[in-house]
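Under our numbering, the first residue of the sequence shown carries the number 1, and numbering increases by one thereafter.
Treat the hints as calculated values from the structure; they're not laboratory data.
Don't take every hint at face value.
Ranges between beta-carbon positions, derived for each pair [stated by the list, open to error]:
id	residue 1	residue 2	range
1	D112	G71	53 to 63 Å
2	R22	L116	28 to 38 Å
3	W24	W62	40 to 50 Å
4	W24	P64	16 to 26 Å
5	I26	G63	17 to 27 Å
6	T74	R22	31 to 41 Å
7	D96	W62	43 to 53 Å
8	P111	R81	15 to 25 Å
9	G63	W24	11 to 21 Å
10	T74	P28	21 to 31 Å
11	E127	G71	28 to 38 Å
12	G89	L25	43 to 53 Å
13	Q2	P28	21 to 31 Å
Yeah, the Cβ is synthetic: ideal placement off N, Cα and C, and Gly gets one too.
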Amino acid sequence: MQATADRVEAAYGVDLAALWPRLWLILPEPAVRQIQSARDSFSAAARLAAWAVGYALLAFWWGPAALVAIGCGTVARSRARTALDALAGLIEAAVDVHGRELATRVGLIAPDATGLLAHDTGDGMSEVFRKAE
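Could you put together the complete structure from these sequences and hints?
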C-alpha cells in the first residue's frame with residue numbers, strides 16, 4: 001500500500017492519505033463495489049490468519065492443530081497478498097481515472113481543461129486537503 005502511495009505521489013504530487021477520503025465520495029458505484037470486494041477479500045484473509053493463531057495456541061495442548069495452523073497461515077498469507085495487490089491496483093487506478101474530476105470539483109482546475117492531472121495540481125490538492133497541518 002505504501003508503494004501505491006509513493007507512486008501516486010511521484011506521478012501527481014498528491015498525498016494519497018489526504019486525497020482518498022474525498023476521492024471515495026465521488027467514485028462511481030462500479031468502482032466502489034470493486035474496491036469493497038478487494039477489501040472484503042483482505043478481511044477474509046485476516047480472519048483466516050486469526051484462525052491460524054487460534055489453532056497455533058491449541059497446538060500447545062493438541063499437537064495436530066499445528067499442521068492446521070501452518071496450513072491456515074500459509075493460505076491466509078497468500079490470499080492477503082493477492083487481495084492487497086488487487087486493492088492497491090484499484091486505488092491507484094481510481095486516482096488515475098478520477099483524480100482530475102476531484103480537482104475540478106474542488107476548483108483547482110477548469111472543467112474544460114484537458115490532459116493528465118498535473119503535478120502542481122496534485123500539490124494543490126494535497127495542500128487543500130491537509131488543511132495546512
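Hint check results:
Remark: the range hint 53 to 63 Å for D112 to G71 is upheld by a beta-carbon distance near 57 Å. For R22 paired with L116, a C-beta distance near 19 Å fails the hint of 28 to 38 Å. A beta carbon spacing of about 45 Å between W24 and W62 agrees with the range 40 to 50 Å that was offered as a hint. At about 45 Å, the CB distance of W24 to P64 disagrees with the hint of 16 to 26 Å.
The hint said 17 to 27 Å for the Cβ distance between I26 and G63, and at roughly 54 Å that hint is violated. Separation of T74 from R22 is about 38 Å and conforms to the stated range, judged on CB atoms against 31 to 41 Å. Between D96 and W62 the beta carbon distance is about 50 Å. The supplied range of 43 to 53 Å therefore holds. Hint check: P111 to R81, Cβ distance near 40 Å, so the stated range 15 to 25 Å is violated.
The hinted window of 11 to 21 Å between G63 and W24 is violated, with their beta carbons roughly 47 Å apart. T74 and P28 have their C-beta atoms about 37 Å apart, which leaves the hinted 21 to 31 Å range violated. E127 and G71 have their C-beta atoms about 49 Å apart, which leaves the hinted 28 to 38 Å range violated. Under the hint 43 to 53 Å, the C-beta atoms of G89 and L25, about 21 Å apart, miss the expected range.
Distance hint check: the CB atoms of Q2 and P28 are about 26 Å apart, consistent with the given range 21 to 31 Å.
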